[in-house]
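Each protein sequence line maps, in turn, to chains G and Z.
Per the numbering used here, the first sequence starts with residue 1, numbered consecutively.
Per the numbering used here, the second sequence starts with residue 1, numbered consecutively.
The set of hints was computed from the structure by calculation and includes no laboratory data.
Hints may contain errors.
One copy or two, either will do: identical chains are not told apart, so a pair holds if it fits within one copy or between any two.
In silico lysine to any residue, SDA-like type, Cα no more than 20 Å apart, as pairs [said to hold, decoys possible]:
#1 LYS250 to ASN68
#2 LYS176 to GLY71
#3 LYS250 to ILE223
#4 LYS250 to GLU220
#5 LYS186 to GLN131
#6 LYS121 to ARG313
#7 LYS264 to ASP296
#8 LYS186 to VAL213
#9 LYS250 to ASP224
#10 LYS186 to PHE262
#11 LYS264 to ASP224
#12 LYS250 to VAL305
#13 LYS169 to GLY60
#14 LYS169 to ASP204
2 protein chains.
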Amino acid sequence: MQTIELQSSKYHFIGDTLETVGTSSVFRQVTIRPAMSGHNSLFVGQIGDWTWDAITALCGTNVFNAVNTSGAPTYLAFYYFHIRSSPVIHPGCLTFGDRIEILSTPFNFGSESILTLHRIKKASPGEPPAQSIDIEEFYDFPRSDCLYVETFNRWIARSREKSNRDLVKSSPVDFKYSHLCSLPEKYSPRLICSQARLNQTFHDIRSPEHVCVIDDFQTEYRIDITRDVNAVGLVYFAAYFSIIDGALLKLWQQLGRSAQSFLKRIVLDRKLCYLGNAELDSLLSITLKSWRKRDDPHNEIYNAVIQDSETARVIAVATMQIASEAPL
Amino acid sequence: MQTIELQSSKYHFIGDTLETVGTSSVFRQVTIRPAMSGHNSLFVGQIGDWTWDAITALCGTNVFNAVNTSGAPTYLAFYYFHIRSSPVIHPGCLTFGDRIEILSTPFNFGSESILTLHRIKKASPGEPPAQSIDIEEFYDFPRSDCLYVETFNRWIARSREKSNRDLVKSSPVDFKYSHLCSLPEKYSPRLICSQARLNQTFHDIRSPEHVCVIDDFQTEYRIDITRDVNAVGLVYFAAYFSIIDGALLKLWQQLGRSAQSFLKRIVLDRKLCYLGNAELDSLLSITLKSWRKRDDPHNEIYNAVIQDSETARVIAVATMQIASEAPL
Chain G
1 MQTIELQSSK YHFIGDTLET VGTSSVFRQV TIRPAMSGHN SLFVGQIGDW TWDAITALCG
61 TNVFNAVNTS GAPTYLAFYY FHIRSSPVIH PGCLTFGDRI EILSTPFNFG SESILTLHRI
121 KKASPGEPPA QSIDIEEFYD FPRSDCLYVE TFNRWIARSR EKSNRDLVKS SPVDFKYSHL
181 CSLPEKYSPR LICSQARLNQ TFHDIRSPEH VCVIDDFQTE YRIDITRDVN AVGLVYFAAY
241 FSIIDGALLK LWQQLGRSAQ SFLKRIVLDR KLCYLGNAEL DSLLSITLKS WRKRDDPHNE
301 IYNAVIQDSE TARVIAVATM QIASEAPL
Chain Z
1 MQTIELQSSK YHFIGDTLET VGTSSVFRQV TIRPAMSGHN SLFVGQIGDW TWDAITALCG
61 TNVFNAVNTS GAPTYLAFYY FHIRSSPVIH PGCLTFGDRI EILSTPFNFG SESILTLHRI
121 KKASPGEPPA QSIDIEEFYD FPRSDCLYVE TFNRWIARSR EKSNRDLVKS SPVDFKYSHL
181 CSLPEKYSPR LICSQARLNQ TFHDIRSPEH VCVIDDFQTE YRIDITRDVN AVGLVYFAAY
241 FSIIDGALLK LWQQLGRSAQ SFLKRIVLDR KLCYLGNAEL DSLLSITLKS WRKRDDPHNE
301 IYNAVIQDSE TARVIAVATM QIASEAPL
């Protein structure tokens, strides 16, 4: 029983540590490694595993091989992924050997969904481990030395074998969540995501502080089965981060900007909502828009809408706030 | 001092365990997670981290932030990567929640290089942890329930800032290796790699058991900075596995085979030797050849030679033995 084993233990590995904090959080210290960093989606994928680890540790079910009431495999799919960074700490600045600490806290959203908050910072020797997530700090007063990540997941199973369309809600029998705290309604990702679904962006298009720069940049991407498919034959959620970055790079270069300036960009905020599932042979059409701050041309917002080019179904909506020093 | 901390300890995490076996090996049990599996290069990248972990645990230096005598960062670059599988266990069959155990043993190759052997198998409850790698088993009598991986690494540093060409040998001061066993000369990867460099393949082209199927299939790939670049700005070694798979898929489909049959292929043996370094803007030309066994058309050998299309410098040579059920 892995999850029981964990309740009151503390573990180490090559200086990495992990401990559960009561029954509500998991705290770990990690050394950044090649397989979880770089100019790709590896760090995002790692955070996804931390979500599954935290829920496995605290919610009585082994997320990695969960089954629903009918005995079919059920997956804790990513529906919403939000990374909030700062110029001091952002995914692009983490490199080999960096020591980081992560406090992960899941919240009660009923039997079919779960929200997990991760607070990530450079490890400070001597500083006592964080004991709980401060919701106000997380949402309203973020520290510049912390990276904040929200993942909102839903239990899904295939309704038709071998098809990745029409996935249905389906939570495992042993999934325990009633002991978890509830999140104040005003912070619920449900409203944010339904707005994004409606507006096809997380950006407030009426914002007077922003001017539109690119109104409509179209590109296509075909799912690459040598890169985008996870071990259970679904398109890997983290792959969408690379797919969007690839489209953004095309726009970036069309604007006459260099690859080096792209690698140096700082993604201050990144929201991605998964609204549909792609088949493994899907051709995706990607529409990008961008805005910039009226008083700061280096503060840009990029929006991506990913659709199945055949059916026009919206697969994902993503919005990024980027600080760049690229010539405009 | 992380490495000292490790010497006599045993650690757990969500059921994962790791322990050093004397001063020569590291033994771990791991649950397969999304970020380390799938139809991509994630599992290969994970094995790479296990190599760096094992050497960090046993060789007195923190591989993740090693510096050379002049204080410059030095990287334990992958020069040769060999995965030997079986139909019973191969990278493509590992899925979420699988429990595997890995015994990792580095061998003394002097101050500038190191070979690490990994033996990977499904965890067997109750079975005592393996204490040492059996060299004869590893090279001459592999078990069908084990996955065997060799990684041969060399310490390299940039000779010119911001350039990935002309990387130079450069080991860290605190790198300890004299306590490690030496590998019998006949198993040294040096001969195998120099042969591959000479012949541009690991396959014995004079083998009477094989007939050539594809003599020369050409394709190109431009390094994708949104997918292929690691945190220190070098092309990630694991990305070459995806790059080669992408080229192979093109050939596969030109042969009229389906994406599903590609996903179902079993890679029984895979050797990759890194002979040069690509710049981040490199256009690579990839040349594929294939052979099949005279008496078994489903037993195929594919060879890839990756060159910098501008200079024709050979970047990598790879050979794969594949069992497929695709119609020929």
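Results of checking the hints against the structure:
1. In this assembly of identical chains, the alpha carbons of LYS250 and ASN68 never lie at most 20 Å apart, being 42 Å within a copy and 38 Å across copies at closest.
2. In this homomeric assembly, LYS176 and GLY71 come within 20 Å of each other (Cα to Cα) only inside a single copy, at 17 Å, whereas the closest approach across copies is 51 Å.
3. Proximity of LYS250 and ILE223 under a CA criterion of 20 Å is satisfied in both settings, with 17 Å inside one chain copy and 14 Å between copies.
4. In the homo-oligomer, the alpha carbons of LYS250 and GLU220 lie at most 20 Å apart both inside one protomer (11 Å) and across protomers (19 Å), since each shortest distance falls under that limit.
5. In this homomeric assembly, LYS186 and GLN131 never come within 20 Å of each other (Cα to Cα): the closest approach is 23 Å inside a single copy and 55 Å across copies.
6. Taking the closest pair of Cα atoms, LYS121 and ARG313 never come within 20 Å of each other, the shortest separation being 38 Å inside a single copy and 42 Å across copies.
7. When the C-alpha separation of LYS264 and ASP296 is checked against a cutoff of 20 Å, the pair qualifies only within one copy, where the shortest distance is 18 Å, while the shortest distance between copies is 51 Å.
8. Taking CA atoms no more than 20 Å apart as the test, LYS186 paired with VAL213 passes in neither setting, with 31 Å inside one copy and 63 Å between copies.
9. Taking the shortest Cα distances, LYS250 and ASP224 sit within 20 Å of each other both inside one copy (18 Å) and across copies (11 Å).
10. In this homomeric assembly, LYS186 and PHE262 never come within 20 Å of each other (Cα to Cα): the closest approach is 35 Å inside a single copy and 47 Å across copies.
11. Proximity of LYS264 to ASP224 under the C-alpha cut-off of 20 Å is restricted to the inter-copy arrangement: shortest distance 15 Å between copies versus 26 Å within a copy.
12. Only within a single protomer do LYS250 and VAL305 lie at most 20 Å apart by alpha-carbon distance; the minimum there is 15 Å, versus 28 Å between protomers.
13. Proximity of LYS169 and GLY60 under a CA criterion of 20 Å is satisfied intra-copy only: 19 Å inside one chain copy versus 50 Å between copies.
14. Neither within a single protomer nor between protomers do LYS169 and ASP204 lie at most 20 Å apart by alpha-carbon distance, with minima of 30 Å and 53 Å respectively.
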